[in-house]
Each structure stands twice: as structure tokens, then as C-alpha cells.
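S.K.: Please model the complete structure; the sequences and the hints are all you need to start from.
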Amino acid sequence: MSNRILDALGPRERERLLPLLTIVSLPIKTVLFEPGEPIQAVHFPLDGVVSLVTALEGGAIVEVATIGNEGIVGLPLRAGGSLAVRAISQVAGSAARLDAAVFLAEADRRGQLGLLIGRYLQALFGQISQAAGCNRLHTTEQRLSRWLLMSHDRVGVDEFLITHEFLGQMLGSQRATVTLSAGLLQAAGLIHYRRGEVSILDRAGLEATSCECYAVIKRELDEVVATRPGRIPTELTAWVR
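Each residue of the sequence shown is one higher than the last, beginning at 0 in numbering that gives the first Met the number 0.
Any given hint could be a false lead.
Label-pair ranges, simulated between beta-carbon atoms [claimed, not checked]:
| id | residue 1 | residue 2 | range |
| --- | --- | --- | --- |
| 1 | A175 | A100 | 43 to 53 Å |
| 2 | V101 | Q185 | 38 to 48 Å |
| 3 | R108 | E164 | 16 to 26 Å |
| 4 | A104 | E211 | 35 to 45 Å |
| 5 | E14 | E211 | 32 to 42 Å |
| 6 | L55 | G110 | 38 to 48 Å |
| 7 | A59 | L183 | 21 to 31 Å |
| 8 | G132 | E14 | 40 to 50 Å |
| 9 | P34 | D98 | 19 to 29 Å |
| 10 | G79 | L183 | 41 to 51 Å |
| 11 | R11 | P37 | 26 to 36 Å |
Hints are computed from structural coordinates only; laboratory data are not their basis. Ideal Cβ positions, reconstructed from N, Cα and C, are used throughout, including at glycine.
M.R.: Laid out in C-alpha cells, this is it:
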């Protein structure tokens with residue numbers, strides 16, 4: 000488990016930041032903040048997936064972006080500021096939590112963290128723009144494949160928990176539509192879905208089924224940092240275990 004933003008920091012900046020982090024568990028459906036609510040902390044996901052969703056009248060929600068171990072939940076951030084979205088854990092995992100005021104002070108140092116924040120924000124807004132077009136123009140099977148691939152990248156395992164109801168909310172589709180689409184992917188041997196647990200069986204097949212949006216979003220996120228897969232500072236490893 001690691002976060003690619005933290006992993007990309009130099010030794011001196013990372014050593015200063017690590018004692019300020021708190022490792023927290025994020026069970027599924029954990030709400031990190033609500034629309035208009037002052038953001039008290041930012042989170043660096045280590046595994047699992049957090050969704051940024053827009054809540055509509057009548058209780059419906061639609062996903063505008065997902066954040067995993069490549070990013071930071073709570074951006075863009077200013078002192079006492081809020082966002083117009085809800086942040087909710089859609090795949091259970093853990094994160095490194097940093098107080099908002101401390102985060103802003105660290106960002107103002109104009110070190111590596113500040114540079115990474117700027118690059119990540121550009122990629123995040125790119126993801127939001129791409130997802131907007133994807134949700135409007137592409138089929139549910141394509142969008143579901145994109146969602147599964149992005150979640151697979153973040154959790155690092157082939158099996159994870161997710162319900163049809165939650166998937167429907169994330170994709171802005173009726174539960175019956177998601178059930179049908181998941182059934183088609185399962186019939187094609189790409190996934191196995193049973194009782195809220197999905198297993199990725201054929202990743203290459205999912206990539207072929209997905210629209211071009213997955214590759215575009217992944218490329219932009221990968222460019223944020225010079226990734227060293229699997230690496231995590233020993234201090235953080237001890238906290239997570």
C-alpha cells in the first residue's frame with residue numbers, strides 16, 4: 000500500500016511530512032465531507048477508492064471523479080474552504096490523513112509537494128472533463144469497464160466489494176441497467192460478480208471493452224509523478240501494518 004504523491008517526495012520533505020500524517024480506515028460509504036462543508040483534512044488514499052459525487056434533488060447522486068492512491072482527496076483547498084461535491088469511499092481501504100491547515104502550510108513552502116499538487120489538480124480536472132463527456136456519450140458497458148479498470152488500478156487486487164446499487168449511483172444509471180451491463184461483462188468472461196463482490200478475470204478484455212476515456216485519464220494521472228510502483232516509506236509501512 001502506498002500513495003504516489005507521498006512516494007514522489009524527496010527524503011527531506013517526506014521525513015518532515017510523515018509524522019504529521021494519521022492513518023485512517025475508510026470502510027465503504029464513509030463520507031469524508033459534504034457539499035459546502037468546511038474541509039477539515041485532506042486524505043492521501045493508500046488503497047481503496049474515493050468518489051467525488053454531485054448530489055441532486057430527490058437523493059440521486061452522480062460521480063464526477065474517482066481518487067485513489069495516485070491522488071489527494073480535498074483539493075482544491077483554501078483556508079476554511081469547501082467544495083460543491085461529496086467525497087465518499089466507494090471501495091473500502093485506508094488513507095493518510097493530514098489536517099487542512101497543516102497541508103496548506105506545507106503547500107505554501109513551494110517545495111515538491113506544491114509542485115505535485117499543481118500537476119495533480121490539472122490531471123484531476125482533466126478526469127472530470129473526460130468523465131463528463133464519457134457519461135454523456137458512451138454506453139453503460141463502456142463506462143462500467145472504465146470504472147472497474149480505474150478501481151482495479153487503485154486497489155491492487157483482483158477482487159473488491161461493490162454493490163449494484165452503489166454502482167448505479169456512481170454511473171448515474173438505473174440499477175437494472177447496471178445489472179444488465181454487469182451480466183454482459185460476466186457472460187463475456189471479463190468479470191465475475193456475486194453478492195456485492197466483483198472479480199476481474201480478463202483485464203485485457205475489459206480494456207478492449209472500455210471506451211478511450213480510461214486510457215486518457217490513466218495517462219494524465221500517470222504523468223503527475225515519476226512513479227516507483229510498490230515503494231512506500233518504511234515509517235508509513237509500519238503504521239499501516
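S.K.: Look at each hint and say if it fits the structure.
M.R.: Evaluation of the provided hints:
1. In this structure the supplied range 43 to 53 Å holds for A175 paired with A100, their Cβ-Cβ distance being about 46 Å.
2. Checked against the hint of 38 to 48 Å, the C-beta distance between V101 and Q185 comes to roughly 45 Å, which is consistent with it.
3. For R108 and E164, the Cβ-Cβ distance of about 43 Å falls outside the hinted range of 16 to 26 Å, so the restraint is violated.
4. The hint said 35 to 45 Å for the Cβ distance between A104 and E211, and at roughly 40 Å that hint holds.
5. For E14 paired with E211, a C-beta distance near 41 Å keeps the hint of 32 to 42 Å intact.
6. At roughly 40 Å, the beta-carbon separation of L55 and G110 lies within the given 38 to 48 Å, and the hint holds.
7. Here the CB-CB span from A59 to L183 is close to 24 Å, well matched to the stated 21 to 31 Å.
8. Taking 40 to 50 Å as the suggested C-beta distance range, the pair G132 and E14 conforms, at roughly 42 Å.
9. The supplied range of 19 to 29 Å is met by P34 and D98, whose beta-carbon atoms lie about 21 Å from each other.
10. Evaluation of the 41 to 51 Å hint for G79 and L183 yields a pass: the beta carbon distance comes to about 47 Å.
11. Checked against the given bound of 26 to 36 Å, the beta carbons of R11 and P37, roughly 31 Å apart, stay inside it.
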